[in-house]
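Q: The whole structure should be built from the sequences, with the hints applied where relevant.
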Amino acid sequence: MLIRGDFMRRKPWRYFALSCGAALLWLIISTWLSLPWLRYVAKYLPDWYVLLVIMGIALLPGYLMNAMFVSNLFHAGTKALPDPCREPVTVLICARNEEESIYQTIERVAAQQYEGKLEILCVDNGSTDRTAAEIQRAAGALSTPQRVIRLLLCEQAGKAHALNAGLSQVNTRYFITVDADTLLDRHAVLRIIRRIRASGAGCVAGNLLARESGNVIQKMQIYDYLISIAAIKRFQGSYGSTLVAQGAFSAYDTLAVKRAGGWEQCAGEDIVLTYRLLSQGMASLYEPSAIGYTAVPCTLRALCSQRIRWARGMFDGLRAVMPWRQQSFFSGYFESVNVSIVFLDLAFIFGFWVGVVLLCFGLSWFVGWMTLWMLPALLVNAWSVYVFQRKQEGIVIRHSAMGLFCFLAVFQTLQSLCSLAGYAQAALHRPLSWK
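So the sequence shown is numbered by this note's numbering: it starts at 1 and just counts up by one.
These are computed hints drawn from the structure, not numbers from a lab.
Check the hints yourself; a few may be wrong.
[Unchecked claim] Quick list of the computed label-pair ranges, beta carbon to beta carbon:
#, residue 1, residue 2, range
1, D47, R430, 27 to 37 Å
2, R150, V357, 50 to 60 Å
3, F329, L363, 42 to 52 Å
4, A141, Q280, 39 to 49 Å
5, P46, G362, 12 to 22 Å
6, A133, R398, 25 to 35 Å
7, R259, D47, 46 to 56 Å
8, R150, P376, 45 to 55 Å
9, A42, R301, 39 to 49 Å
10, A141, R398, 25 to 35 Å
11, P88, R186, 11 to 21 Å
12, T371, N171, 54 to 64 Å
Model, not experiment: these values are computed from the prediction.
All C-beta atoms in this analysis are idealised placements derived from N, C-alpha and C, irrespective of residue type, glycine included.
A: Have a look at this one:
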């Protein structure tokens, strides 16, 4: 078993400075080259608007992409982890109306190649279908002395309430959260627990991939999880600051989570918990070899609802712990960078797409043939992430030419529109709709 990017034993500042330095050099050069562009377009449009658009669609994205790319190259090394661990671990699965998937999820956990005892604690959050019956069926069919399956009822609606109810029953040093529609690779528990034990981190996010690819909506998300989300988590995790240990598959230090007060009922309960663990001075890592496959939305409405909720979750995290209150510089830095995504989404919709409309009238003020020069950089960055992912033992990648095309052509627009809706809902304190 290998651990990626042994940053805890080397000097993270060295790699951080080199990656940000390379990105800053690119930013300086590209800013100098963009000055004639800015002066020309400012003859026709307000100069403040032109400046913000150029920053939002070219300069800042280029800086962030370069820093992530260079850092991930530095942290592509490997180091052996300690011998297999055998200590007891609790796997916490919360479910509401998941009768179709819960049995298979439990079955995958019970079949893990893990020598220690696993207590699979399933919390039924007020289901109105046969979820509880399916959990009991799994307990009867799959329970062994090393795989104890328990059912816990939580009638108070809300995922955070169900998680906290389960947390109150956790007595092991570490526990893992798994969504009721997530299927784990057979080595996932071993690899994520090895990582958290070896590092002493507060939490470790697993490598989550899209499970289904039935229609084009799901096929687009294959590449979002495989490339975009994975690259960001790997970048942040290299400095002990993965901002989201997602509830769908992550490992936690039990005492640290209890000190943080567990989960808060909000749009981003996993984001808030991660921020609070970071504020305690604990690391939040990412383990690419611990692989889980999660169900992804199959309709446009469901996808938009999910991404709106994720956008709102970022503000929940900020409300819980502001960047300057983080103990680690890296955590504060990445949290601050995360806030800049609001600006990037605004620039993409009200800058890039304005440029596309202008181009249709023959005005290449923001979008033109030079925009194509960005494609090689985007493809190289995506290819490097794909190659890294493909090397992970046991990974299954479900390719789709149509999914890749739609991901490249429309996914960012959809993501930005949904995010802007989520930001607006957070600003207006709109009530949150729960399943």
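Q: Against this structure, judge whether each hint is valid.
A: Each hint, compared with the structure:
1. D47 to R430: 27 to 37 Å: holds, 35 Å
2. R150 to V357: 50 to 60 Å: holds, 57 Å
3. F329 to L363: 42 to 52 Å: At 44 Å between Cβs, range holds.
4. A141 to Q280: 39 to 49 Å: holds, 40 Å
5. P46 to G362: 12 to 22 Å: holds, 21 Å
6. A133 to R398: 25 to 35 Å: Given about 31 Å between the Cβ atoms, the range holds.
7. R259 to D47: 46 to 56 Å: Since the Cβ atoms of R259 and D47 sit about 51 Å apart, the hinted range of 46 to 56 Å holds.
8. R150 to P376: 45 to 55 Å: holds, 53 Å
9. A42 to R301: 39 to 49 Å: holds, 41 Å
10. A141 to R398: 25 to 35 Å: Roughly 29 Å apart at Cβ, these two residues keep to the hinted range, so it holds.
11. P88 to R186: 11 to 21 Å: holds, 19 Å
12. T371 to N171: 54 to 64 Å: Given a distance of about 57 Å, which is inside 54 to 64 Å, the answer is holds.
Hint compliance for this structure: every hint is met.
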